[in-house]
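Top line first, the protein sequences correspond to chains A and B.
Residues in the first sequence are numbered from 1 upward in steps of one, following my numbering.
Residues in the second sequence are numbered from 116 upward in steps of one, following my numbering.
Note that these hints are calculated values from the structure, not bench results.
Wrong hints could be hidden among the right ones.
The calculated lysine-lysine pairs, modelled on PhoX-like cross-linking and capped at a C-alpha distance of 25 Å, are [claimed, not checked]: (1) B/LYS217 with A/LYS42; (2) B/LYS225 with A/LYS42; (3) B/LYS173 with B/LYS217; (4) B/LYS173 with A/LYS78.
For clarity, every value in this text was computed on a predicted model and none was experimentally measured.
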Amino acid sequence: EPEVTQTPSHQVTQMGQEVILRCVPISNHLYFYWYRQILGQKVEFLVSFYNNEISEKSEIFDDQFSVERPDGSNFTLKIRSTKLEDSAMYFCASSGRDRGYQPQHFGDGTRLSIL
Amino acid sequence: AQSVTQLDSQVPVFEEAPVELRCNYSSSVSVYLFWYVQYPNQGLQLLLKYLSGSTLVKGINGFEAEFNKSQTSFHLRKPSVHISDTAEYFCAVSSFSGGYQKVTFGTGTKLQVIP
Numbered sequence: 001e002p003e004v005t006q007t008p009s010h011q012v013t014q015m016g017q018e019v020i021l022r023c024v025p026i027s028n029h030l031y032f033y034w035y036r037q038i039l040g041q042k043v044e045f046l047v048s049f050y051n052n053e054i055s056e057k058s059e060i061f062d063d064q065f066s067v068e069r070p071d072g073s074n075f076t077l078k079i080r081s082t083k084l085e086d087s088a089m090y091f092c093a094s095s096g097r098d099r100g101y102q103p104q105h106f107g108d109g110t111r112l113s114i115l
Numbered sequence: 116a117q118s119v120t121q122l123d124s125q126v127p128v129f130e131e132a133p134v135e136l137r138c139n140y141s142s143s144v145s146v147y148l149f150w151y152v153q154y155p156n157q158g159l160q161l162l163l164k165y166l167s168g169s170t171l172v173k174g175i176n177g178f179e180a181e182f183n184k185s186q187t188s189f190h191l192r193k194p195s196v197h198i199s200d201t202a203e204y205f206c207a208v209s210s211f212s213g214g215y216q217k218v219t220f221g222t223g224t225k226l227q228v229i230p
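Next up, chain A with everything else stripped away, as it sits in the complex:
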């Protein structure tokens, strides 16, 4: 069964540095999402992306965050000038379209540790 893949599985970065988290969604999916889970807390929606545009973003998704689909297969989340509170697990998800509801498929996540 096709999967959403995320790289790296664990990223350690100094505070203030930029980080890019990468995701390869399922190939025929059209909607892409990022979620965040701070240790011990619930999974929170960050942003959804469709047709090369952000569809919706949460309050968490401020100016330090950006998303991009640089080619036909990758979907990236960039965090500029990382802060300690950005330490979390970041999940990418994708979903299809047409013929009614298509569930979101989640990747295994990237654990981001800010030092």
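Add chain B to chain A, keeping to what the hints say.
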């Protein structure tokens, strides 16, 4: 707006005993309901989903859930748990409009199966 409440943060249960993990939701529109499982250091795996139709939904690993619209609940049950069911379980709700979704997660319930 939509929200999910999981009142039990931890549920210890003996192996082979039945378990129920509670979930209540609120939404101003029709929603889809899900249960996800997260094993330690892994991503989110879809256990089961309710989209429409029969209110009793069967999922993987012997789990089932019942949608109760009048009580706005979607409790997860398993008649006999196994050690391997030890994980964190997230109830989630999603609205769906022409392909785009936004999934809202509960705070999670840690199921600890005791040998």
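For B/LYS225 and A/LYS42, compute the direct alpha-carbon distance and say whether it is at most 25 Å. Status holds; Cα separation ~12 Å.
Taken at face value, is the distance from the CA of A/LYS78 to the CA of B/LYS173 at most 25 Å? violated, 38 Å
Is the straight-line distance between the alpha-carbon of B/LYS173 and that of B/LYS217 25 Å or less? holds, 23 Å
Checking one constraint from the list: CA of B/LYS217 to CA of A/LYS42, max 25 Å. Satisfied? holds, 15 Å
Figure legend: structure checked against the earlier numbered hints; the only hint not met is number 4.
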